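K.L.:
Okay, here's what each chain looks like letter by letter:
Protein chains: 2
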Amino acid sequence: MPSCASNAPRSGCPSTITAPDLSQLICLTKVQGMELAVPFLSCQRRAAWGARKATHLCCPSMKYFLILLSCTIVVFLASMRWQRPAESQIKEEISEARSDLKLLSPEKYKSLFIYSGIWLAPKNQCECAKVDHVHVYEMEDYIDKKDLASVKERRQKEFEHYQKRYPSMTQDIVIAKPNVPLSYPIQGVEVMPLHTIMIPGLGLHGVTEEKYQVILRASLGTLNTLADVSDDVVRGRGKKELLILTSDVELLNFILEHVTYTSVVYQLSAVDMMSFESRDHVAQFPVIIRQPSLPKLFDPGADRKISSLVTITTKTFLRYHKLQLLIKSIRQYYPDIKIIVADDSEVPEKIIEENVEHYIMPFGKGWFAGRNLAISQVTTKYYLWVDDDYLFTENTKIEKLLDVLERTNLDMVGGSVNGNTYSFQLLYEQGDDSGCLHLRYGSFHKLEGFPNCVVTSGVVNFYLAHTDKSRHVGYDPLLQRVAHSEFFMDGLGILLVGSCSDVSIGHQAHNPASEPNLTKVEDQYKRFRTNTQAQVQFKLTLHYFKNQLKCYSTR
Amino acid sequence: MPSCASNAPRSGCPSTITAPDLSQLICLTKVQGMELAVPFLSCQRRAAWGARKATHLCCPSMKYFLILLSCTIVVFLASMRWQRPAESQIKEEISEARSDLKLLSPEKYKSLFIYSGIWLAPKNQCECAKVDHVHVYEMEDYIDKKDLASVKERRQKEFEHYQKRYPSMTQDIVIAKPNVPLSYPIQGVEVMPLHTIMIPGLGLHGVTEEKYQVILRASLGTLNTLADVSDDVVRGRGKKELLILTSDVELLNFILEHVTYTSVVYQLSAVDMMSFESRDHVAQFPVIIRQPSLPKLFDPGADRKISSLVTITTKTFLRYHKLQLLIKSIRQYYPDIKIIVADDSEVPEKIIEENVEHYIMPFGKGWFAGRNLAISQVTTKYYLWVDDDYLFTENTKIEKLLDVLERTNLDMVGGSVNGNTYSFQLLYEQGDDSGCLHLRYGSFHKLEGFPNCVVTSGVVNFYLAHTDKSRHVGYDPLLQRVAHSEFFMDGLGILLVGSCSDVSIGHQAHNPASEPNLTKVEDQYKRFRTNTQAQVQFKLTLHYFKNQLKCYSTR
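Chains as they are written, first to last, in the numbering used here: chain A, 3 to 557; chain B, 3 to 557.
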C-alpha cells in the first residue's frame, strides 16, 4: 500500500527520476488526489465508509477494492433510481483512449520544473546530479561503514519522534465532489484545544426525502447542537457521532446550522477530518485544533533611538587587538549602542568599555556556541552581527538596514563586507527517507521597493536580523570551528533573508601584525580557523543525521 | 466595514460579552461564513467577482450590496432558465419566522462554553471577570497616563509588523456551495516557493453546454496546463488568469486535470485563494505556498547513554556554597553528565569541577538572561533545569522523565520539588486589539499511558525539556529578577507541557547558614530576589506591550 505520510511524495509510482519525465509527476499527483469519476454516488459513500478508518483516503488499492465491491451490490439497487446522464464520459480510462488528447513535449514544459538548473518536480527520491561546476557530497561516503546501518536506524527513529512533535498540518488532498447537495466549510474551522465552536455552513440543499438522515462524525472532539430538539431527532449529543433524523428539512438545516464541536484532548496543533453524510452523499472537512501563541512585540520607545532598537553582537577569540579596533570604530558612529561580546579565549582579558557587555566562556567552546550565547542576551528587537575583525566606516549605516527590516517582512538583511556582497540560494528536496540540499550562488529575485536589495537564502557575515526568529533558528553549538552556511540551512523555512549592496562594513587587513606577540596570537588563531578534512567530515556526518540528508551539492 | 483580520473575532456583531449569550456567538459564526442561500447561482458568481478583490470574502456589507445589485440585474435574465425548486425554504429569514425552531436555554448549553469557570466562546472583546478567589490585573492601570496613548499606538504598529512576519495561515471560512458541478481540491494544494505543481482534481461534471468556458485565477503565481492544445483553446499560459474555451467536455477536463501552478514570489508561508469559474458557477480553493524546513535531529549515540541525551543546566548568583552542594549531589548519581552553569555573581569564583562548564556574565544581568545563556550552550537533545539550591536524591531519576519525553509528543515534563508538584493552566483569549490571559492552578487532563502524569501549561522549576523547542521559546533576558510563569506564557502554543509526580528533587533548606559570611551572602541574595511592587509594575508594563494583553487574571 502506498505510503500515507503527507509530506513525502507518494510511492506506488514509477521510481525513475530521469528528468524531464512527466509520468512520475502525473502519477504522484493522481495518487495524492481522490478518485473523481465514480458514477454511482451511493457507491462512493460506501467506499468512503470503508476508507474512513484510513482518514487520509490516500490508499487507492483498498479504495478500488471497496468501490468495486460496493458497486457490484449497489448497481442493481441504484439502477431504478438512476436519473443522471451517464457520467462515463468523464472517466479517465476513456479519455486515455482518445489519441488527440496529448501532453506537451519535454522541451515545452521543462522550463516549468527546472530551477537553477535542478529538476525540481515532485519525486519519490531526490538526487544530487553530478554536472559541470557542481560539487556533490554523498553523505554516506563520510560515515564509517561498520556504523552506517546503526546510524540509519537511529536516524529513522529520531525522525519519527520529531514528526510526532512537529506534525504536518497539510493533509492528503481531498477533492470536493461535484454536484453534491451538501454545504460545509471547505478549508475547515479552527478551534482552540478543549474549547467549543459552532461549525458554520453545514446544510443539505435541494434534496427531497421522506425521512432525512444525516450523520456527523469526529475523532478528536465531541459534537452537539444548540438547537432545542428532542432525543428522537438528535442522538449522540456530546459524543463523537451525531445522528439527525427528521422529515422536516427546515428543522434539519436549523439543527445543522447550530452544530457545535468540542475539542477533548489538549493538543497544540492537530487536524480532525470530520465526515458529513446524508443518505446518498458524503463530504469531509477538517476541524483544525490549534493553540494560538501570544504575540511577542518589542517596544522601540517613544523616540525610536537606534540604541533602543539594535544591539551589536560579536564573538571574539584571542584577537583582542582587533576587537578593540572594532569597538573604537563603532563608537565613532554609534556612541550609545550596546555591544555584546562572547569570548572563549584561553586567557580572557578584561574589557572595560562603556556599554560593552563581556561574556566569558570555557576555552575554545567554539564559534557557533559563542554566536548563540551572544544573541541569547539581546533585549532589543534587532541585533547586528559583526565579526571581531571588522571596521565600521561612514558607509556602515545601520539605519538603512533598519529601514529595510521595518518596512518589509524580511527577518534578516545582509550588507557587504569590504564592498563584497555574497548571497546564495538553498534548494531543498524532501525524499521518502532523506532529503537533498543544493546551494547555489545568487539570489531569487529583487526585493520589492528596494532596488539595491534582493531576496535570497543566505548572506555574508554582516547582517541586521530580528532577534526572535534568529533565536528560534539558533546557532548550533556543535559547530565549533569553521561554519557559515549551516546557520542558513537551519534557518530554511523560518528566516526570510535579503541582501542589500548599499550598506558596507570594512575588514581589518590580514597583514601580519607589526608586533611579534601579536603575530604569535594570529598564528594560534589560524590553527583553530582552518577548515581541515577532519572538519569537513565532522560536518557532513553531523548533517547526515541532524538534517536527515542524503547528499549536498554546491556551485 | 467589519474587520477582516482572520484571527480576531468579527466586528459588526453585538459587542456585549455577557455570558452566557449565544447571540454574539451565532452572529460571529455567521459573519465568518459565506452566504449560503443564494437562489440564483449566476448571481452568486457575480457577487464573487465583485468580492474577489477582498480575497477573504469577509465583508458582508459589501457583499450584500453586490448581491443585491447583481440579483436585480440577473433576476429577469435568469427567470427563463430557472429550473430548480424554490430554495427559499432554506433561507434563514423564513426559518426564523417559524416559532418551533428554537435554541437551547442557557442552562443547557453553557457547559459547552465554560472552562475553568471562564466563559470562553468567541467574542469581539475579552475580559478578566472579577469573581471570588480570582486576582485581576488590568494592565493599563500600571502605565503612566501621560504615556498611555503613545504606548498604545506604538504597540499597534509593532503588532502590524509582527503580523506581516507571522502571517495567519487560517483563512476566513469559505463554504462549499451545494450542487455545484465543479470538482476541486477542498483544502488546497501545497507548493514550494518558486516551484511548480500540478493541481489535482479540477473538473466540470454533469453540465451540457454548446461552448464551455472556464476561467482560473491566481494572484501569487502563474498558471499553465501540460495539455498540448492550441492558443484558441487555452489562453493565458504563464499568466495569472487561464481561460479555457472548448465545446469538447472531455478535452476540457483533460486540460483541467493537467493545470499547473507556479509560485512567483519567494515567500515562506502564504495562501493564494484561487478561483475556478464555469459560466454559471464559481468555486474557490487555496494554494498554500510553503517553504519546508530541514528536520533537526539529535543523535543519541549507539549506546543511548544519559550523558549523550541530557545536559544539566542551572543559573547561579552569589551562592557558591549551595551550588557546590548541588554539584556534589548530582555526581553521586550521575558521574558523567555535563553540567552547564551560568553565573552573574559580582565577584565570580572559579569552578574547577570535571565536566562542569562555567559561563561568566556581567554582574546582575539577571535570572532569565542566565537561563537563556545556559540553554544556548546545550548540545544534547534534552536539558534538565535545576535551581542552584536543589539537591539530587535517590528519587531524582532522570531516566523516568526521559522515558516520558521519548515516548510522547510532550516538549517538557516537570517533576516535583521536595514532594510538591505544581502545575497551572494558561487560558488565552484573543480580542480585536488586545488579549486576556487567565492562569488557573491545575492541569488539563491525565497524560495517556502515564498514570502519574498530567498535561498542563506550566510546571515547577524542575523539568526535563527538549532543547529545540525551549530555545525557540527562549527565556526573555528582560526578566532580570523574579519570574517563572512568564516562560510558560511565552511557550503557549509552542511547548506541550506535562507534569509527573513520581520524580522528585530535594531543596536545600532556607535556614540561615552557620557561618557569618554566608549569612551576609544570603542577605545580599534576598535583596535581589524579592518581588517588589516595582518588579510587579515592570512586568505588567512589559506584558502589556510585549504580549499585547489587556488584563491578566490568576487563581
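In short, the hints are calculated from the structure, not lab data. Quick caveat, the model's predicted, so the values are computed rather than measured. Be careful, since some hints might not be right.
Chain copies aren't distinguished; within one or between two, either way the pair holds.
Stated by the list, open to error - Below, a list of computed lysine to aspartate or glutamate pairs in the EDC-like style, where the Cα atoms sit at most 16 Å apart:
id, residue 1, residue 2
1, K159, D405
2, K110, E243
3, K552, D143
4, K522, D230
5, K166, E450
K.L.:
Which hints, by number, does the structure contradict?
P.N.:
Of the numbered hints, 2, 4 do not hold.
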